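Going line by line, the protein sequences match chains A and B. Its first residue numbered 1, the first sequence is counted upward by one per residue in the UniProt record's numbering. Its first residue numbered 1, the second sequence is counted upward by one per residue in the UniProt record's numbering.
No wet-lab data here; the hints were simulated from the structure. Predicted, not measured: the structure shown is a model, and the values here were computed from it. Beta carbons: idealized from backbone N, C-alpha and C, even for Gly. Mixed in with the good hints, there may be bad ones.
One side only, chain B facing chain A, incomplete, derived with CB under 8 angstroms [unchecked claim]: (1) Gly-37; (2) Leu-39; (3) Leu-42; (4) Ser-46; (5) Lys-47; (6) Ile-48; (7) His-50; (8) Leu-55; (9) Val-62; (10) Ala-71; (11) Met-75; (12) Met-79; (13) Glu-217; (14) Arg-218.
Number of protein chains: 2
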Amino acid sequence: MKTYVPGKPPKPKPTPLPPIKYGMILFRSFEPLDVFGPLEALHMLSKIRHLQLFLISETMEVVTTQPVVAAMNPMNSTMYPTLPPTHTLSTVPDDLDVLMIPGGLGTRSPLINATIDYIAATYPKVKYLITVCTGSALAARAGILDGKRATTNKASWDANVIYGPKVKWVPRARWVVDGNVWTSSGISAGIDATLAFIEEMYGKENATYVANLMEYERHGDPNRDPFSDVFNVAGAK
Amino acid sequence: MKTYVPGKPPKPKPTPLPPIKYGMILFRSFEPLDVFGPLEALHMLSKIRHLQLFLISETMEVVTTQPVVAAMNPMNSTMYPTLPPTHTLSTVPDDLDVLMIPGGLGTRSPLINATIDYIAATYPKVKYLITVCTGSALAARAGILDGKRATTNKASWDANVIYGPKVKWVPRARWVVDGNVWTSSGISAGIDATLAFIEEMYGKENATYVANLMEYERHGDPNRDPFSDVFNVAGAK
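In isolation and in its complexed conformation, chain A is listed as follows (with noise of 0.2 angstroms):
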């Protein structure tokens, strides 16, 4: 039992400060939902709190969401919207408080190598860890998921989780959190995932608040996934 000793009231212990530096990955043929759904949250949050953002690329060129390969595009369609990069890999800050790592057909690609170095290497560096859909599988390429509870997009489930041999996958899950990495299902996955960061990291009400203004109705139970059945993922019945 503590002793009081008068004018010298007990230290509290100090709270670490809410991320303000989240850095998102960009490659050839992202997806768009899986960076966008997390920066519309981040967006309508950072008009109550500052909040920073870096997009960063292997270089400064416009990134397209078009696949690389005329096969991966077989009706020869145009709705590819494209983003510029803010940083380069070697040029972003090393002091981002949450990388964030989306999906899409590129994170297959063998020609991003580079991008996978800067994973592995800055992931030590970060508080946080944010992947959406098959993020996980590029994360799980640097090596950073080894040992750790993940799981990713169920649509196309067995060509990612052959990235991470020494993952421990989950295969009905909205999206899984284990120690500072949080990892989501497929896509749309990434909204709910961002906004239940946003409670543990801002509180219950500024979660709300955000979901709200999006007029978004949460999937608010990491467990419930509806998709693993749709999509019948192997081990999740």
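Here the structure of chain A is known, so what remains is to put chain B in place on it, guided by the hints.
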């Protein structure tokens, strides 16, 4: 009753071709998910249907989501992704099938008159108009919603409906269809309106295909709208 003439089968009524060319209006301080929610759904559909995207702005400058006025960024945040247009108001082809208008604080800008003129001039030429969130306020400013049923963002309802005194505003709706005009409620409602549009134009199977790949649980009832209650929209009870 029709008579069967051997060798001369009844001519089937020609069905209109589903839309191919989608134009999305961009302006400073657009809301990220208003653009990228619908574009994600169309991006996914474009893998099985030939679709074309035109990102339309006043100039070819990259369009930022940052507000013009510093007072609208009170926390001095930098959570502002940008998007490069593909065409200007004068270079975009005049045979678009669908014109899409996102919302955002920029819809209230006094500097957006050329865009409003473009919307007014272009609506008679397109097959369909889709607005997301406060995008319906821009359509109202262009005069093209007069006499029509329409909805808009629920958090800023009063500030939007004043732009359309002759519009039949629907205070409780996830989205509203009146003739060839589809208007959605705030931000994420644009995803549901676009999926409903895809269902109407390309069939239920394709809409389900897209929603499943997005791992998105559709809000399928246009009349269910919890956010008209959350924000106490006048006339919604």
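Here is what the structure says about each hint:
About 7 angstroms separates the beta-carbon of Gly-37(B) from the nearest beta-carbon of chain A, less than 8 angstroms, and the hint is met. Below 8 angstroms, beta-carbon pairs count as interface contacts, and Leu-39(B) has one with chain A at about 6 angstroms; its hint therefore holds. Interface restraint check: Leu-42(B) against chain A, minimum CB-CB distance 5 angstroms, threshold 8 angstroms, status holds. Look at Ser-46(B): its Cβ gets to within about 4 angstroms of chain A, closer than 8 angstroms, so that hint holds up.
Here the hint on Lys-47(B) is kept, as its CB sits about 7 angstroms from the closest CB of chain A, short of 8 angstroms. This hint holds: Ile-48(B) has a C-beta 7 angstroms from the nearest C-beta of chain A, less than the 8 angstroms allowed. Satisfaction of the interface hint for His-50(B) is found here, the shortest Cβ-Cβ separation to chain A being roughly 4 angstroms, below the 8 angstroms cut-off. The restraint placing Leu-55(B) at the interface with chain A holds, with a minimum CB-CB distance near 7 angstroms, inside the 8 angstroms limit.
The interface hint given for Val-62(B) is met, as the beta carbon of that residue sits about 6 angstroms from the closest beta carbon of chain A, less than 8 angstroms. Given the 8 angstroms rule on beta carbons, the hint for Ala-71(B) is violated: about 11 angstroms separates it from the nearest Cβ of chain A. The beta carbon of Met-75(B) is positioned within 8 angstroms of a beta carbon in chain A (closest approach about 4 angstroms), and the interface hint is therefore held. Interface hint at Met-79(B): satisfied, since its Cβ lies 4 angstroms from the closest Cβ of chain A, which is below the 8 angstroms cut-off.
Interface hint status for Glu-217(B): upheld, as the beta-carbon distance to the closest one in chain A is roughly 7 angstroms, under 8 angstroms. Violation of the interface hint for Arg-218(B) is found here, the shortest Cβ-Cβ separation to chain A being roughly 10 angstroms, above the 8 angstroms cut-off.
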